[in-house]
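J.: Here is what each chain is made of, one letter per residue.
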Amino acid sequence: MEKQLKDHAALAEAFIRDEEHVNWHDGALWWIRQKRDIASKQIPEWEDLREAASRIKSNVLSNLHDYLLQFEANAIKNGIKVHWAADADEHNAIVYSILKEKDIRQMVKSKSMLTEECHLNEYLIERGIDVINSDLGEYIQQLDNEPPSHIVLPCIHKRKEEIGELFHEHLGTEKGVSDPTLLTRVARGHLRNVFITRRAALTGVNFAVAETGEYVVCTNEGNADMGAHLSEVQIASMGLEKIVPQKKHLGVFLRLLARSATGQPITIYSSHFKKPREGQEMHLILVDYGRSRQLGRPEFRDSLKCIRCGACMNTCPVYRKSGGLSYHNTISGPIGAILAPNLDMKKHADLPFASTLCGSCSNVCPVKINIHEQLYQWRQVIVREGYAANTKVLSMKAMAWTLSSPTSYSTIGRAGRWVLNNIPFAVNNKFNPWYKQREMPDGPKESFGEWYARNNDQTNDVNDSK
Amino acid sequence: MRVGLFIPCYVNQFYPQAAIATLQLLQKLGVNVVYPPRQTCCGQPMANSGFEHLTQECNDLFLENFSEFDYIVAPSASCVLHVKDHLHSTSDPAQAERVRSRVYELVEFLTDILKVENLTARFPHRVGIHQSCHGLRGLHLAQMSELNAKPFSKPVYLLNMVEGLELVSLDRPDECCGFGGTFCVAEEAVSVKMGKDRVTDHTKNGAEYITSVDLSCLMHLEGILQRNKSAVKAVHIAEILNSTL
Numbered sequence: 001m002e003k004q005l006k007d008h009a010a011l012a013e014a015f016i017r018d019e020e021h022v023n024w025h026d027g028a029l030w031w032i033r034q035k036r037d038i039a040s041k042q043i044p045e046w047e048d049l050r051e052a053a054s055r056i057k058s059n060v061l062s063n064l065h066d067y068l069l070q071f072e073a074n075a076i077k078n079g080i081k082v083h084w085a086a087d088a089d090e091h092n093a094i095v096y097s098i099l100k101e102k103d104i105r106q107m108v109k110s111k112s113m114l115t116e117e118c119h120l121n122e123y124l125i126e127r128g129i130d131v132i133n134s135d136l137g138e139y140i141q142q143l144d145n146e147p148p149s150h151i152v153l154p155c156i157h158k159r160k161e162e163i164g165e166l167f168h169e170h171l172g173t174e175k176g177v178s179d180p181t182l183l184t185r186v187a188r189g190h191l192r193n194v195f196i197t198r199r200a201a202l203t204g205v206n207f208a209v210a211e212t213g214e215y216v217v218c219t220n221e222g223n224a225d226m227g228a229h230l231s232e233v234q235i236a237s238m239g240l241e242k243i244v245p246q247k248k249h250l251g252v253f254l255r256l257l258a259r260s261a262t263g264q265p266i267t268i269y270s271s272h273f274k275k276p277r278e279g280q281e282m283h284l285i286l287v288d289y290g291r292s293r294q295l296g297r298p299e300f301r302d303s304l305k306c307i308r309c310g311a312c313m314n315t316c317p318v319y320r321k322s323g324g325l326s327y328h329n330t331i332s333g334p335i336g337a338i339l340a341p342n343l344d345m346k347k348h349a350d351l352p353f354a355s356t357l358c359g360s361c362s363n364v365c366p367v368k369i370n371i372h373e374q375l376y377q378w379r380q381v382i383v384r385e386g387y388a389a390n391t392k393v394l395s396m397k398a399m400a401w402t403l404s405s406p407t408s409y410s411t412i413g414r415a416g417r418w419v420l421n422n423i424p425f426a427v428n429n430k431f432n433p434w435y436k437q438r439e440m441p442d443g444p445k446e447s448f449g450e451w452y453a454r455n456n457d458q459t460n461d462v463n464d465s466k
Numbered sequence: 001m002r003v004g005l006f007i008p009c010y011v012n013q014f015y016p017q018a019a020i021a022t023l024q025l026l027q028k029l030g031v032n033v034v035y036p037p038r039q040t041c042c043g044q045p046m047a048n049s050g051f052e053h054l055t056q057e058c059n060d061l062f063l064e065n066f067s068e069f070d071y072i073v074a075p076s077a078s079c080v081l082h083v084k085d086h087l088h089s090t091s092d093p094a095q096a097e098r099v100r101s102r103v104y105e106l107v108e109f110l111t112d113i114l115k116v117e118n119l120t121a122r123f124p125h126r127v128g129i130h131q132s133c134h135g136l137r138g139l140h141l142a143q144m145s146e147l148n149a150k151p152f153s154k155p156v157y158l159l160n161m162v163e164g165l166e167l168v169s170l171d172r173p174d175e176c177c178g179f180g181g182t183f184c185v186a187e188e189a190v191s192v193k194m195g196k197d198r199v200t201d202h203t204k205n206g207a208e209y210i211t212s213v214d215l216s217c218l219m220h221l222e223g224i225l226q227r228n229k230s231a232v233k234a235v236h237i238a239e240i241l242n243s244t245l
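Chains A and B are the protein sequences, given in the same order.
Counting in UniProt numbering, the first sequence tops out at residue 466, every number present.
Counting in UniProt numbering, the second sequence tops out at residue 245, every number present.
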């Protein structure tokens with residue numbers, strides 16, 4: 001993948017240049033947010049469900065060690081081969097070794113954000129293994145050699161005409177054809193052949209049940225099932241945090257997941273995988289990749305409750321206006337901005353600042369992660385660890401100095417108003433980002449403090465005469 | 001009851017008329033209100049930029065100015081929320097805790113403490129409410145659209161007492177305007193796009209005025225309105241509630 005040089009603000013600015021497209025992107029995601037609102041409001045106990053889910057995940061995070069061992073033991077009992085991976089490299093090497101042992105050179109993969117995080121496709125392709133993403137959105141992104149911009153809707157940032165062009169180039173459809181139904185049919189035709197011929201299929205994991213050793217994969221397209229059922233080697237990759245204690249807890253999460261994600265009552269397929277078919281091999285890889293480090297950060301551990309519904313992205317006005325790719329991280333949007341600094345604080349130092357802290361994310365989150373508070377906390381950590389720009393450090397120090405003294409504050413306030421009034425061109429110029437598309441406020445002659453000092457006696461008189 | 005009037009730094013400098021309206025409104029309602037002259041800022045601009053560690057002097061100054069009052073009232077939800085969430089004292093934590101629990105945004109002070117039931121205000125205009133995020137989701141001045149919970153709105157409750165005022169309904173009643181403190185310059189493109197979209201929602205639904213409990217949001221929206229030579233004006237809710245136009 002290309003090395004990231006631009007920060008969120010610069011990438012967002014580029015995205016916004018095509019305003020008509022931004023309006024479409026914003027509207028499409030807002031429409032999904034509204035569908036989510038309608039679905040959630042049809043369930044009287046919605047807020048209780050969120051609370052229950054949040055508490056179940058609290059219990060999971062507090063007892064993760066025991067649940068993981070319980071899950072592993074039960075999965076092994078069921079005939080699943082369990083692997084542990086500390087990081088992306090270990091995960092990728094495990095997948096490769098499984099395929100190599102069977103001399104498999106082609107694999108189909110359903111949606112798994114974890115494998116995106118690990119850059120599994122690139123790793124395998126470098127080693128001569130052909131991987132095809134079977135989720136339609138991810139398939140499109142793969143054709144374009146671009147990461148997903150949204151965890152549920154991977155190519156939401158693309159227009160249908162762009163997709164038509166990609167299909168023309170890679171799948172031989174007629175030039176100019178962009179009808180979604182037609183394009184989907186073409187993709188389906190190609191994927192059918194992939195499903196039938198692949199000996200190995202990899203899926204993600206939405207939930208793993210400690211009590212039974214089974215795991216659940218949720219899709220709308222049935223692509224995970226097609227791949228898994230036709231394969232002789234089935235691999236599932238899961239982050240450590242995907243555990244739920246008991247099967248009965250699934251009801252809470254399955255009711256929340258699709259409603260939060262797209263406003264559907266439930267995903268079309270919620271498939272339980274427990275043991276391999278006869279003659280099939282089933283592998284499961286438990287991946288840490290920074291998760292235990294995040295678990296050890298008290299103010300950020302709750303970010304591990306995330307069930308990857310994408311509701312925080314759909315509701316986030318910054319996300320809707322700036323597009324998922326501007327976050328330059330597999331998981332974009334508000335949740336990505338609190339997960340990413342844990343992986344590489346320097347590289348992702350801009351992300352916690354790509355928010356107005358409006359708090360909408362925390363209130364749509366089905367597991368009640370305090371996302372906007374964690375964004376605030378990450379800002380403090382990033383500055384403390386020295387990842388803020390020097391210019392910002394200086395300006396903040398100057399601001400703190402000004403505001404900590406009433407005298408310096410009123411002097412500078414007066415000076416500022418004088419400038420706005422008398423030499424507005426000193427601030428109304430291209431070096432002032434405020435002024436680029438907005439007028440500056442007027443500089444009143446008198447501050448409130450000055451007015452109050454002048455009118456104070458009179459004001460008191462008015463009061464006394466009452 | 002003695003009330004300390006907390007006028008945020010940028011309101012003091014740029015929007016004295018909103019501060020005057022706040023003072024006069026409280027006085028009209030018979031409140032004994034005092035403006036401590038040595039106040040500056042709550043420290044939010046630094047804290048939201050990741051520099052909370054530089055705000056101790058602002059905190060100390062705030063406590064020095066406001067500890068003596070029964071209530072502290074400000075025409076800004078955002079600054080009030082910051083004080084409620086982040087005002088700390090190393091020398092007197094109990095004092096800081098007391099002040100945190102005594103600080104109120106103007107609207108909630110009117111509805112929850114003064115329990116205002118009528119106002120003698122007149123503002124014969126079509127008005128759109130811009131919900132400040134910190135007022136909405138932080139101080140719960142109204143019910144947010146995200147939750148499956150009973151609707152209510154303290155600003156609407158008060159604005160309904162104003163003669164001649166007509167509230168316009170919006171397509172997205174509680175979406176962020178994109179001000180966001182230093183976000184408005186650090187992420188200029190996103191910030192302005194968000195603001196433009198909010199302005200459009202108000203104008204296309206027929207608002208003549210956009211009002212809010214936060215002037216920071218209004219300063220941003222006003223900057224966009226003025227740049228686009230719009231006839232729509234931004235006005236702080238205190239100015240409407242104090243209006244006798």
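FYI, nobody ran anything at the bench for these hints, they're computed from the structure.
Small disclaimer: the values here were computed from a predicted structure and weren't measured.
Think of the CB as a built atom: it goes at the ideal place given N, C-alpha and C, for glycine as much as any other residue.
Please note that a few of the clues may not be correct.
Said to hold, decoys possible - Footprint (simulated), chain B over chain A, 3 or more residues, beta carbon under 8 Å:
no., region
1, 82 to 92
2, 159 to 167
3, 227 to 237
4, 354 to 361
5, 366 to 380
6, 404 to 414
7, 433 to 444
J.: Are there at least three residues in the region 433 to 444 of chain A whose beta carbon sits under 8 Å from a beta carbon of chain B?
T.: Contact hint for the region 433 to 444 of chain A vs chain B: holds, 11 residues under 8 Å.
J.: Examine the region 404 to 414 of chain A: at least three residues should have C-beta closer than 8 Å to a C-beta of chain B.
T.: It holds, with 5 qualifying residues against the three required.
J.: Holds or violated: the region 82 to 92 of chain A covered by chain B, criterion of 3 or more residues with Cβ-Cβ distance under 8 Å?
T.: n = 0 at 8 Å, threshold three: violated.
J.: Would you say the region 354 to 361 of chain A counts as covered by chain B, given the rule of at least 3 residues with C-beta under 8 Å?
T.: Contact hint for the region 354 to 361 of chain A vs chain B: holds, 7 residues under 8 Å.
J.: For the region 227 to 237 of chain A, do at least 3 residues have a Cβ located nearer than 8 Å to some Cβ of chain B?
T.: violated (count 0)
J.: Are three or more residues of the region 366 to 380 of chain A within 8 Å, CB to CB, of chain B?
T.: holds (count 3)
J.: Taking 8 Å as the Cβ threshold, is the statement that the region 159 to 167 of chain A is covered by chain B upheld or broken by the three-residue rule?
T.: It is violated, with 0 qualifying residues against the three required.
When each numbered hint is compared with the structure, violations occur for hints 1, 2, 3.
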